[in-house]
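For the protein sequence lines, the chains are C and Z, in the order given.
Going by the working numbering, the first residue of the first sequence is number 1, and it counts up by one from there.
Going by the working numbering, the first residue of the second sequence is number 1, and it counts up by one from there.
Source of the hints: derived by calculation from the structure; they are not laboratory data.
There is no bait here: all hints are sound.
Computed list of lysine-lysine pairs in DSBU-like fashion (alpha-carbon distance at most 30 Å, straight line):
id: 1; chain 1: C; residue 1: LYS32; chain 2: C; residue 2: LYS156
id: 2; chain 1: C; residue 1: LYS19; chain 2: Z; residue 2: LYS24
id: 3; chain 1: Z; residue 1: LYS60; chain 2: C; residue 2: LYS310
id: 4; chain 1: C; residue 1: LYS32; chain 2: Z; residue 2: LYS6
id: 5; chain 1: C; residue 1: LYS310; chain 2: Z; residue 2: LYS6
id: 6; chain 1: Z; residue 1: LYS6; chain 2: C; residue 2: LYS287
id: 7; chain 1: C; residue 1: LYS104; chain 2: C; residue 2: LYS32
id: 8; chain 1: Z; residue 1: LYS24; chain 2: C; residue 2: LYS32
id: 9; chain 1: Z; residue 1: LYS6; chain 2: C; residue 2: LYS305
id: 10; chain 1: Z; residue 1: LYS24; chain 2: C; residue 2: LYS156
id: 11; chain 1: C; residue 1: LYS32; chain 2: Z; residue 2: LYS60
id: 12; chain 1: C; residue 1: LYS32; chain 2: C; residue 2: LYS9
id: 13; chain 1: Z; residue 1: LYS18; chain 2: C; residue 2: LYS156
id: 14; chain 1: C; residue 1: LYS215; chain 2: C; residue 2: LYS156
id: 15; chain 1: C; residue 1: LYS23; chain 2: C; residue 2: LYS104
id: 16; chain 1: C; residue 1: LYS106; chain 2: Z; residue 2: LYS6
id: 17; chain 1: C; residue 1: LYS215; chain 2: Z; residue 2: LYS24
id: 18; chain 1: C; residue 1: LYS104; chain 2: Z; residue 2: LYS6
id: 19; chain 1: Z; residue 1: LYS80; chain 2: C; residue 2: LYS13
id: 20; chain 1: C; residue 1: LYS19; chain 2: Z; residue 2: LYS18
id: 21; chain 1: C; residue 1: LYS13; chain 2: C; residue 2: LYS23
id: 22; chain 1: C; residue 1: LYS279; chain 2: Z; residue 2: LYS6
id: 23; chain 1: Z; residue 1: LYS24; chain 2: C; residue 2: LYS310
id: 24; chain 1: Z; residue 1: LYS60; chain 2: C; residue 2: LYS19
id: 25; chain 1: Z; residue 1: LYS60; chain 2: C; residue 2: LYS23
id: 26; chain 1: C; residue 1: LYS308; chain 2: Z; residue 2: LYS60
id: 27; chain 1: C; residue 1: LYS23; chain 2: Z; residue 2: LYS80
id: 28; chain 1: C; residue 1: LYS272; chain 2: C; residue 2: LYS32
id: 29; chain 1: C; residue 1: LYS19; chain 2: Z; residue 2: LYS80
id: 30; chain 1: Z; residue 1: LYS60; chain 2: C; residue 2: LYS13
id: 31; chain 1: C; residue 1: LYS29; chain 2: C; residue 2: LYS13
id: 32; chain 1: Z; residue 1: LYS60; chain 2: C; residue 2: LYS29
id: 33; chain 1: C; residue 1: LYS65; chain 2: C; residue 2: LYS279
Listing some non-contacts, in silico: residues in chain C with all C-beta distances to chain Z over 10 Å:
id: 34; residue: ASN54
id: 35; residue: SER57
id: 36; residue: TRP192
id: 37; residue: GLY203
id: 38; residue: ASP204
id: 39; residue: GLY240
id: 40; residue: TRP264
Glycine included, C-beta positions come from ideal geometry on N, C-alpha and C.
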Amino acid sequence: MKEITLADKFQAKIDQEIKIEPKDWMPEKYRKTLIRQMSQHAHSEIVGMLPEGNWISRAPTLRRKLGLLAKVQDEAGHGLYLYSATETLGIDRETLLEQLHTGKAKYSSIFNYPTTTWADIGAIGWLVDGAAIMNQVPLCRCSYGPYARAMVRVCKEESFHQRQGFEILMTMMEGNEAQKHMVQDAVNRWWWPSMMMFGPSDGDSPNSAQSMKWKIKRFSNDDLRQKFVDICAEQAQILGITLPDPDLKWNEERQHYDFGEIDWSEFWNVVKGNGPCNKERLDARVKAHEEGAWVREAAMAHAEKRRKRKEAAQVA
Amino acid sequence: MSTNKKNWPLWEIFIRSKQGLNHKHVGSLHAADAQMAMENARDVYTRRMEGVSIWVVESKNIHASSPGDAEAFYEPANDKAYRHPTFYELPEGVKHI
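Pulled out of the complex, with its shape left as it was, chain Z reads as follows:
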């Protein structure tokens, strides 16, 4: 990590490719502030109409789960088959359910 104040901070870029879809992470870039990050994101990530909306988030503000803890972290959902529709048995011939 660079602590040099001269360097532009890193921003994560999220783009909504069209109305109705969610914003998706596409990559990152450096910019002096949010406004510049927005303009740079437009030039770097939407040169061919790939987006209708952009989110920029300074990378240092992202809190991420740790891959090392993944097993334990997601364990609670691991044995709960009853959260899925196929867990429930229905007689043949029941329709629209």
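Isolated chain C, as found in the complex:
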């Protein structure tokens, strides 16, 4: 009789769509893969606040400012859901932050691009959040329970992010020539980096097969990217803008849009730290963390004082 190992039992659960919960046995590599992916996801939400935060004080109307504030606040919240979900895997918050601050852990490269005009806020909502949602919806069915549950909350909240972005662009497209030009320019700059958000092509994505087997991942990078292109190509027509890809064309036979080659050298260059804002983003995170140290300590001291006062009152 063949001995049924823990690993066999684990895979059988996954195959039956039974979720894995924090205290369940799991292969060390499954744990490590999730810590890497989930912390990277959490870091992306937190660093993702920076490019948009840049425009909160300069939003063109109060309505836009309220929307953007709520969106950035959501991103902080999403980072927190994801950090605590990651902590269920046995790694503490301090270690996670240290990995971000020392560059050991990555965050999505998309946030290493600058937001130079207000139209960028619209383009980020439409394209960057659009791509993020495309990646995140399948994660709601991820095999790891705490990750899946966090993603359900994130996806529910995120649909407004994309809609506010589209509305910003739509409004500007109804404006003057300079405003229309601003939209086209923003889309030109954000299109390809957004396409890269789905990650390397399936052939160049070494961890994909294992993640699919573990049901951490449900669709291949290329499948999701294609879905994104098909949806955006149609929405671009409604907006009245052109996506910056001369090869973008409907393919009747495939029933999909064909699109041009992605410049992967740019992608890897940004991943390696040479994007336009890598240094600025990381410096801003480290600065916020260091300058917040006294607040964290003061809160602990205050809590301790409050506890002692309460104890004394009970004795008396």
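Since the structure of chain C is provided, determine the placement of chain Z on it from the hints.
This is chain Z only, laid out in the frame that chain C set:
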């Protein structure tokens, strides 16, 4: 587990989404004490009116059953079909039972 006293402890958050429903675990967060955990829980987990009541419990105070023992632990209920109404046979035509 971090033993560093500088770090805020971890709290588990339970939310009652409306009157009449029970509190349900929604996730966790770090806070210096219960009062701060409560305020943080409001900001993190109820930004869209998801709750009318919040419980916060420091994670170290939660005692959980072990998934490894699940089979044996729940075994006693496994063979007790007579605890379910369908175990009992009634003639057709009996109503309201």
